[in-house]
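Participant: What follows is each chain in one-letter form.
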Amino acid sequence: MREVFITRENLRKLIGRWAKDFRVYVPVTFDIMNHEETPDYELVTDGVPETLMLHGAALATNPKSFLFYPREVVSKYPSSQAEADVTAPKAVIVGPRGCDLRGLKKVDKVYWSTEHFTEEYDDPFIIEKRRNTYIVSLDCDSAKETCFCTMVGGNPWPEDGFDVNLSQVEGGFIVAVATEKGEELMKGADDLSADVQKSQTEERDRRRNSVVEAINRQNHEFDTGVAYDQHDLEAPLDVWQYVTQNCVACSACNRCCPTCTCFLLVDQRAEGGYERTRNWDTCLSIGFARTGGGGNSRANLAERLQNRIRCKFEFSRDRYGLVTCTGCGRCIDVCMGRIDMREAIKHVVTEKAKARA
Amino acid sequence: MKNIYRPIESVIEDIKPETPTITTYRFRPKEPLTFEAGQFVELTVPGVGEAPFTPSSNPNVKETLEITIMKVGAVTEALEKMKVGDTVGLRGPYGNGYNMQDFDGKEIIIVGGGVGLAPLRSLILALFDNVERYKKISIRYGARTPDDVVYKDLLPEWAKMKNTEVLQTIDAPHPDWNGTVGVITVLLEEMPFDMKTAVACVCGPPVMLKFVNIKLLEKGMDPNNIYHSMERNMSCGLGKCGHCMMGEYYICKDGPVMTAAQVAKFEDPF
Numbered sequence: 001m002r003e004v005f006i007t008r009e010n011l012r013k014l015i016g017r018w019a020k021d022f023r024v025y026v027p028v029t030f031d032i033m034n035h036e037e038t039p040d041y042e043l044v045t046d047g048v049p050e051t052l053m054l055h056g057a058a059l060a061t062n063p064k065s066f067l068f069y070p071r072e073v074v075s076k077y078p079s080s081q082a083e084a085d086v087t088a089p090k091a092v093i094v095g096p097r098g099c100d101l102r103g104l105k106k107v108d109k110v111y112w113s114t115e116h117f118t119e120e121y122d123d124p125f126i127i128e129k130r131r132n133t134y135i136v137s138l139d140c141d142s143a144k145e146t147c148f149c150t151m152v153g154g155n156p157w158p159e160d161g162f163d164v165n166l167s168q169v170e171g172g173f174i175v176a177v178a179t180e181k182g183e184e185l186m187k188g189a190d191d192l193s194a195d196v197q198k199s200q201t202e203e204r205d206r207r208r209n210s211v212v213e214a215i216n217r218q219n220h221e222f223d224t225g226v227a228y229d230q231h232d233l234e235a236p237l238d239v240w241q242y243v244t245q246n247c248v249a250c251s252a253c254n255r256c257c258p259t260c261t262c263f264l265l266v267d268q269r270a271e272g273g274y275e276r277t278r279n280w281d282t283c284l285s286i287g288f289a290r291t292g293g294g295g296n297s298r299a300n301l302a303e304r305l306q307n308r309i310r311c312k313f314e315f316s317r318d319r320y321g322l323v324t325c326t327g328c329g330r331c332i333d334v335c336m337g338r339i340d341m342r343e344a345i346k347h348v349v350t351e352k353a354k355a356r357a
Numbered sequence: 358m359k360n361i362y363r364p365i366e367s368v369i370e371d372i373k374p375e376t377p378t379i380t381t382y383r384f385r386p387k388e389p390l391t392f393e394a395g396q397f398v399e400l401t402v403p404g405v406g407e408a409p410f411t412p413s414s415n416p417n418v419k420e421t422l423e424i425t426i427m428k429v430g431a432v433t434e435a436l437e438k439m440k441v442g443d444t445v446g447l448r449g450p451y452g453n454g455y456n457m458q459d460f461d462g463k464e465i466i467i468v469g470g471g472v473g474l475a476p477l478r479s480l481i482l483a484l485f486d487n488v489e490r491y492k493k494i495s496i497r498y499g500a501r502t503p504d505d506v507v508y509k510d511l512l513p514e515w516a517k518m519k520n521t522e523v524l525q526t527i528d529a530p531h532p533d534w535n536g537t538v539g540v541i542t543v544l545l546e547e548m549p550f551d552m553k554t555a556v557a558c559v560c561g562p563p564v565m566l567k568f569v570n571i572k573l574l575e576k577g578m579d580p581n582n583i584y585h586s587m588e589r590n591m592s593c594g595l596g597k598c599g600h601c602m603m604g605e606y607y608i609c610k611d612g613p614v615m616t617a618a619q620v621a622k623f624e625d626p627f
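Protein chains in written order, with this note's numbering: chain A, 1 to 357; chain B, 358 to 627.
Treat the hints as calculated values from the structure; they're not laboratory data.
Some hints here could point you the wrong way.
[What the hints assert, rightly or not] Just so you have them, the derived chain A footprint on chain B, three or more residues with Cβ under 8 Å:
#: 1; stretch: 358–370
#: 2; stretch: 476–484
#: 3; stretch: 587–598
Cβ coordinates follow ideal geometry from the N, Cα and C atoms, glycine included.
Work out the full structure, taking the sequences as your base and the hints as a guide.
Facilitator: In structure tokens, the structure reads:
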């Protein structure tokens with residue numbers, strides 16, 4: 001992997017160059033009520049924004065949203081009208097973190113050909129966006145108090161799945177170029193970059209280790225003693241009922257999760273006939289598993305929350321070989337019932353151990 | 358790249374009422390759409406939506422397919438208002454069908470409940486195409502009342518086929534019924550078959566699958582030889598939307614036909 005150093009100022013210039021040929025999304029801070037920085041993506045339209053924020057941890061929006069839209073027209077019928085538009089603009093997403101890129105692996109597994117899904121099952125809309133999307137990821141140089149990537153096999157820096165990665169060091173960034181798409185982004189940027197010094201890679205490693213230590217420290221109390229990819233969280237419903245007591249089935253956790261990929265197809269009238277949309281759907285909704293005759297294999301909310309958490313740790317592992325909780329902490333951030341994935345797992349593991357004893 | 362979400366326009370060619378709430382439709386897709394017994398398709402009523410159904414016609418008939426449909430929700434109610442000559446959409450086929458190559462030389466027990474006989478009809482007709490290959494075809498069918506019996510005209514014809522028997526029951530006594538009375542499991546007491554090798558294909562409401570499964574295992578059947586038609590709400594049929602997930606299984610890809618052995622690890626799979 002090729003690495004160069006770029007100053008903060010030159011990186012702004014480089015992003016400005018990208019914006020001539022691509023739709024470029026960058027992380028910016030939104031100063032809400034003068035008291036909180038909540039970084040999220042913004043489309044570069046008129047110069048690189050002053051509020052560009054290239055430090056901190058994962059952003060509010062997870063990057064699956066750039067590929068798997070909350071609502072997208074996927075078919076138009078009858079055949080007398082043109083089919084749904086598959087084309088996607090070339091886009092650069094600056095800002096996904098290590099947890100987000102691990103999340104995209106699940107999106108790829110579900111929507112792209114794998115050992116489970118042959119080509120005839122490929123989703124052309126998501127694949128076209130994936131092909132035209134360039135990922136410029138970032139190291140985390142601090143942790144949110146809800147970050148727990150190191151508990152689920154991750155690290156607070158991107159290990160793979162990016163085209164270009166940026167690591168903060170004094171005065172700028174180490175730019176790692178991993179793919180041909182990454183080279184395309186760095187083409188003609190020689191005037192903006194310099195060789196990486198050994199002291200800079202050492203600084204990067206030091207910074208990375210300090211974030212790992214911070215995350216480990218804040219999650220010490222949630223340690224279950226069970227390896228993250230060895231969980232068996234099947235438990236009597238009353239155990240899960242305890243976890244669920246503050247859940248109101250709002251499904252915010254489903255929506256902000258980088259690995260929730262479920263949807264519902266909805267047909268409706270449209271100009272010239274009808275259109276079919278693919279809409280994010282959420283397994284916490286009571287109707288999610290309901291069948292035509294009125295049956296419902298997960299009518300109870302505790303069954304549904306159990307299903308969601310076990311899907312992350314067990315079902316995805318057993319099907320795709322991926323634990324799909326990435327430790328990004330978003331579901332904890334957004335939960336109005338203050339349900340914490342880490343506490344939930346600790347509770348279930350503890351109760352199961354008690355039952356065995 | 359193919360658009361996996363696009364429905365194939367299909368013309369309604371025939372509508373045949375079976376019971377007050379169940380109707381058999383024959384569709385002629387404008388593009389080839391063939392299936393194996395047990396696989397399912399997604400049926401679109403334009404502007405209303407899609408729902409999954411297993412065809413009930415002979416899979417060896419390639420130009421048309423029939424689906425026997427009970428009116429239970431938005432799509433099926435909208436379908437009821439459609440006429441011969443109207444156009445619907447079909448996508449598929451999806452999922453796994455029955456492992457029919459393993460059925461040769463065996464006794465095959467078909468257990469249907471209510472409209473659950475519909476997907477099994479597709480299997481039955483496929484078996485009849487090579488009826489001499491099988492040692493026995495025993496069809497055991499239960500309905501709530503005589504009015505709820507589907508394929509009333511076909512059942513006596515089936516009973517005349519070589520190596521084939523048809524046993525029927527209804528749930529409660531009824532003035533128009535002289536036959537067996539009781540839920541479907543009453544037809545599973547007498548099973549003069551080689552239970553080690555016999556194959557059962559079961560389809561019906563979830564509670565029926567549950568008790569039939571218990572009974573067939575009690576009778577000594579191999580759980581690998583009991584095929585259930587799993588009912589889930591498949592929205593995409595493509596192993597993506599997640600609606601039909603059961604543990605790590607997508608019923609739309611790993612099913613809808615699944616063996617008792619495959620579902621044994623679930624506390625209540627039906």
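Participant: Each of the hints needs a verdict: does it hold here or not?
Facilitator: Against the structure, the hints:
Under a criterion of three residues with beta carbons nearer than 8 Å to beta carbons of chain A, the stated coverage of the stretch 358–370 of chain B is upheld, 8 such residues being counted. Beta-carbon proximity to chain A at under 8 Å applies to 0 residues in the stretch 476–484 of chain B; the threshold of 3 is not reached and the given coverage is violated. Three residues within the 8 Å Cβ limit are the bar, and the stretch 587–598 of chain B against chain A gives 9, so the coverage statement holds.
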